[in-house]
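Q: Next come the chains, spelled out residue by residue.
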Amino acid sequence: MRFITQKRKSDLINLLVVLYCIGVFIFLIMFLVYKFFSGEFSPEDVKLLILGDPESFTEGMSVYEIVELVHTEAFFVIILLMSLFSINLRVKIPEKLQIGVFLTGFLSAFFYLLSPFFIKFVSHYFSYLYFTALLLFVIVSFTVNLLNMFSFAAGKVR
Amino acid sequence: MKPVFLIMLFGALLLLVEISTGVYIFWEKYGFSGEKTLKYIHGDGVFISKKSFLGILKLNLPHFLSFSITTFIIFHLFYFFSVRKIYIYLAIISFFSGWINFLLPILIIYFPFLSVFKPFFFTVFIFSLSAGSVLLIYEAFRKLFQKC
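So the protein lines, in turn, are chains A and B. Going by our numbering, the letters in the first sequence line up with residues 1 to 158, in that order. Going by our numbering, the letters in the second sequence line up with residues 1 to 148, in that order.
Since the hints were made in silico from the structure, they are not lab data. Check each hint, because a few of them may be wrong.
Computed cross-link-like contacts, DSS-like style, restricted to lysine-lysine with a CA-CA straight-line distance of at most 25 Å [stated by the list, open to error]:
(1) K9/A - K92/A
(2) K156/A - K2/B
(3) K29/B - K120/A
From the structure, some residues in chain A lie toward chain B, with a derived Cβ separation under 7 Å [unchecked claim]:
(4) H71
(5) I78
(6) F85
Since this is a predicted model, take the numbers as computed values, not measurements. Where a beta carbon is used, it is the ideal one built from N, C-alpha and C, also for glycine.
Produce the complete structure using the sequences and hints provided.
A: The following block contains the structure:
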């Protein structure tokens, strides 16, 4: 009886995790699509968005607008990374690999969130840092999410 | 080095980034005075328009859920360390000051005299949540480099 109860509990958790992972996939795809169409994807578009273009009379973003944008995105990043990585703790992969992936994910998130300020106050070349950090962040999230989904779907977790 | 403490360390660091952007936005919108808070919500008749109940609600509604989630996430992680009384006090203060902070703009529409409390409760909320984040960073850092 105890075994049946425990099995049902683990089946429930596995199902919830798989469903959550599908939701995260949809979010990541929509996130990338939104970034692409809103001009917040390629380095050139981001440079234009933040710094503007005096020749075409386009104004860049003010500090307040940048802070508002980072404020909203920071929340999503915190929830996404902490949930994905916490779930990933139960997946059977080497600890050193886990540490490497977590460090890459968190550092890319930090650079992604802080690079708009570097673009505004330091140099427009930081738009390449923004682009690289964004791609790395999405790739890491995608990979960890995929790993979580398959591990929990197969029931092969700690 | 255990990966779980890495998650805690960076999660708390990211929250400090979130808190600092929140402080800047608050400073720009409400200032740290009751007078500026009142002007922001009730308008000044010249440049700043009066805010509607629906407008204030639209802004504060997502904050209510998001601050509850983030505060819960940060303080529940202390479960992995020896739970000291200060963590419990900070959690209680964070939640209560957060609830009052995000309810006040709606109340200020009908009771303008409450505007003096907005900067106070925001400050208490920010300090308690920041203190919780810093303590979590300290505990996680200690555990990360602790010899097993």
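Q: Could you run down the list of hints and mark each one as holding or not?
A: To see whether the hints hold, each was checked on the structure:
Note on K9/A and K92/A: the hinted pairing holds, with a Cα-Cα distance of about 19 Å set against a maximum of 25 Å. For a cut-off of 25 Å, the pair hint linking K156/A to K2/B stands: about 21 Å separates their Cα positions. In summary, the hint linking K29/B to K120/A is supported, as the alpha carbons are separated by about 21 Å, within the 25 Å threshold. Residue-level restraint check for H71/A holds (minimum Cβ-Cβ distance to chain B is 4 Å; threshold 7 Å).
Hint on I78/A holds. Least Cβ distance to chain B is approximately 5 Å, under the 7 Å limit. Contact between F85/A and chain B, as hinted, is supported at the beta carbon level, the nearest pair being about 5 Å apart and thus within 7 Å.
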